[in-house]
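Engineer: Residue numbers (the working numbering), protein chains in the order written: chain W, 1 to 445; chain S, 1001 to 1445.
It should be emphasised that the hints constitute simulated quantities derived from the structure, not laboratory data. Be aware that a few hints might be false.
Said to hold, decoys possible - Straight line, CA to CA, 25 Å or less: simulated SDA-like cross-link-like pairs of lysine to any residue:
| hint | chain 1 | residue 1 | chain 2 | residue 2 |
| --- | --- | --- | --- | --- |
| 1 | S | K1263 | W | R380 |
| 2 | W | K263 | S | R1440 |
| 3 | W | K354 | S | I1058 |
If you want the building blocks of each chain, they are given just below.
There are 2 protein chains.
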Amino acid sequence: MRIVVVGCGTAGASAAFAARMLNRNASITVIGDEEQPTYSRCALPFAIAQRLPLENIITFPEKRFARAKIELLKPAVAEEIDTQRCVVRYRFEGAEKEAPFDALIYAAGGYAAVPKIDGADLDGNYVLRTYNDAARLISIAKAGMTAVVNGASFVALEVAEALKQRGLNVHLIVRSRPLRSFLDEPLSAQVKWHLESCGIVVHQGAEIERLEGGDRVSAVVVGGERLGCDFVVHAVGTRARVELARAAGLKIGKTGAVWTDSKLRTSVGVVYAAGDCAEVEECVAGQRVVSALGTVAMRHGMVAGRNAVGAEQNATPFVRATVMRLFGLEIGSVGLTEAQAKNAGIDVATAQVKHPALPHYWVENEDVTVRLVYEKKNGRIVGGQVMCRTGGALRVNILSVVVERRMSVYDLSVSDFCYSPPCADVWAPEAVCATAALRRLEAQK
Amino acid sequence: MRIVVVGCGTAGASAAFAARMLNRNASITVIGDEEQPTYSRCALPFAIAQRLPLENIITFPEKRFARAKIELLKPAVAEEIDTQRCVVRYRFEGAEKEAPFDALIYAAGGYAAVPKIDGADLDGNYVLRTYNDAARLISIAKAGMTAVVNGASFVALEVAEALKQRGLNVHLIVRSRPLRSFLDEPLSAQVKWHLESCGIVVHQGAEIERLEGGDRVSAVVVGGERLGCDFVVHAVGTRARVELARAAGLKIGKTGAVWTDSKLRTSVGVVYAAGDCAEVEECVAGQRVVSALGTVAMRHGMVAGRNAVGAEQNATPFVRATVMRLFGLEIGSVGLTEAQAKNAGIDVATAQVKHPALPHYWVENEDVTVRLVYEKKNGRIVGGQVMCRTGGALRVNILSVVVERRMSVYDLSVSDFCYSPPCADVWAPEAVCATAALRRLEAQK
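Here chain W stands alone, though its shape is the one from the complex (with noise of 0.2 Å):
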């Protein structure tokens, strides 16, 4: 059996090396466009912090594929998908070649968006996709520098703190909101403040207009005020890559990402597809939706990887739990935001606390704040948000569980949590903030 993975980021070798544990025998090659072997795209931003070395990331050394019998080509590139005679056409060193399939995994990945503005062509313009990228901004930021960065996600806010903690003076140009697309207003609102009290200048409800510069970017015009600056990052988004996909005939969703069903088979059978160019359902509304998270890339490439040498696995549940460390602020989100359940035609109602984690007599403590998303009719959560300054990713997951399995604001109430005054409260803050939802239901009856 041949295997042909087209992409090495996450979701690639994920699938390459779930495809092996099943299949001793299955000739397994990857076709990966870049230098570096798999590595951590969520690490990038701490490299250019300098909090770790950019080296350190390396996920899946080449010695790792070697000594699993998969063959990596890179950098190589894939110029064509022939799904009628299951060939991959591909450029490598100098050399055009072809590797036959009997099943083929898309995971080309996707591209950083860049805004179609004067002056987005000048020197100057960066943006963070890859290993090189990351290189390139280590190299270049120096302290006393102005930077701009252009864009309100994970990606843009990592970005912009990492900057900061390099010594530069850092602006970000956020269009409407911090984190809108994971974040209810209050606490965009609360991100906003974090990020201005440690320094950054956040230019909110801002667009730029035009970059200036001779050669080089020099500023940037923002609400019409010229702002002086040394880069501009851009960091608004992610494009799913599927020019060759698309070529080859697969089905591309509404999206703009390969259509995938439950087992991440493409509507070509032999294809299967997954990571930030395949489109996935969410499992909270069953919308169809392109998730960018590496953790996806990871479950959902096994997926792909075990299916197209014979399993029958479904896609993992995506209920999309998220988190991220914001100069020392955790916040995360999980399900649907208030806005998003609305679109997706869900009456949903809110509510949120700030509680604390440990009891009242306790020495040190902290504030966390939950948010929960809930259905109006049946008091079911369909999304939650949390900002605490430790552990924020576990309360994530204990309600990405809540969200998963359809719980509702009067089982989060009554949940079973554990107690002991140095690490816990009697009350949980997610139970806090349940009952709180739960009363006003009550009170609406």
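Following the hints, complete the assembly by docking chain S onto the known chain W.
Structural biologist: Relative to chain W, chain S alone:
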């Protein structure tokens, strides 16, 4: 409507306040036999350690009772519950009095058990159950003294830690192994090593045969050896306080505590029971147990209080989520241990992993130990145990939802958990452990 609550601990006070929330006009009387109003029993060891002032742990001060128009009689001793006449006879300020009731909540709590051995009646034998017990231990413990702590429960370990932190030499007498009701053997062994590495002398597999001394204990005899000491703290478990209930004709369950139904009603319809004196159904194997946990006293107290004024709420699910922090290590448990599952007739296997919390390339990191107990026939998770430096309580809460929602190792292995290099690895230790279990289940097929 007249409500009488016997007991002013967490269950009793929660019942009184919950009843008041639902019924503004009821007359509510609480009969408490301690001098103090309601306090956090779980905080007593930390007051002994002098990590917080004892007087800070009052959770419902007198003025809160007054503000809620709840009559608090203390110290007052309930002497008889007459379920025919619906009257409680009690002694208060030297006089015999009667309180008629329409509904009664029996929340008399428990006694700290004292072993029946020679010398157990000497001075220098202590227990830790009440505020005054703690005050006594605070006043007698002096650095350089030698203390013997008898027991292997959460309380025993917390008292041992507290006395060690006060500068005493501490011997811990552990009949079987530490936290046996909550941990399987491998984790018990780790707790023992941890205690020893923190300077506690653990006598495992040992029992106190007798206590020696003149007026006061001066030594214990353990395993045939004489161990000189200044005092002994017995923390060998709690016995439900049921004399009054038994005399009133309330049904006593097999556990020795007051039998209750799903609404926390006792065998006498107008009497409810909650807290350490009451029996409840744990929701994994459906066994009747006494919880002895503060969280359950609080939640069940509230349910009993509400039902006493006419609500029809079910007892909250009891999964036995527990946690402690012991010399910087968080140790938690939920559901059944392997032995408990087997005793309940459930055919289980276990999986255990030690997995880093953060990606391998992150500078600070820590290992998290997770152990899962799951049914062989379907992979359903019936219990979980956790040990780590930080976040243990939150990991227990994740597993509490997992167990309560009857998730399988497959479900947990594919859970959508969040990831960001500074807060969480792409695979959560819980999912790694579930995957290990899943592989083993699959291999057996």
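Engineer: All hints are to be evaluated individually against the structure, with a verdict given for each.
Structural biologist: So, going through the hints one by one against the coordinates:
1. A threshold of 25 Å between alpha carbons decides the hint, and for S:K1263 with W:R380 the separation of about 24 Å falls inside it, so the pair holds.
2. This hinted pair checks out: W:K263 and S:R1440 have alpha carbons roughly 23 Å apart, not beyond 25 Å.
3. Distance hint between W:K354 and S:I1058 is fulfilled; the C-alpha atoms sit about 22 Å from each other, no more than 25 Å.
Every hint from the earlier list agrees with this structure, and none is contradicted.
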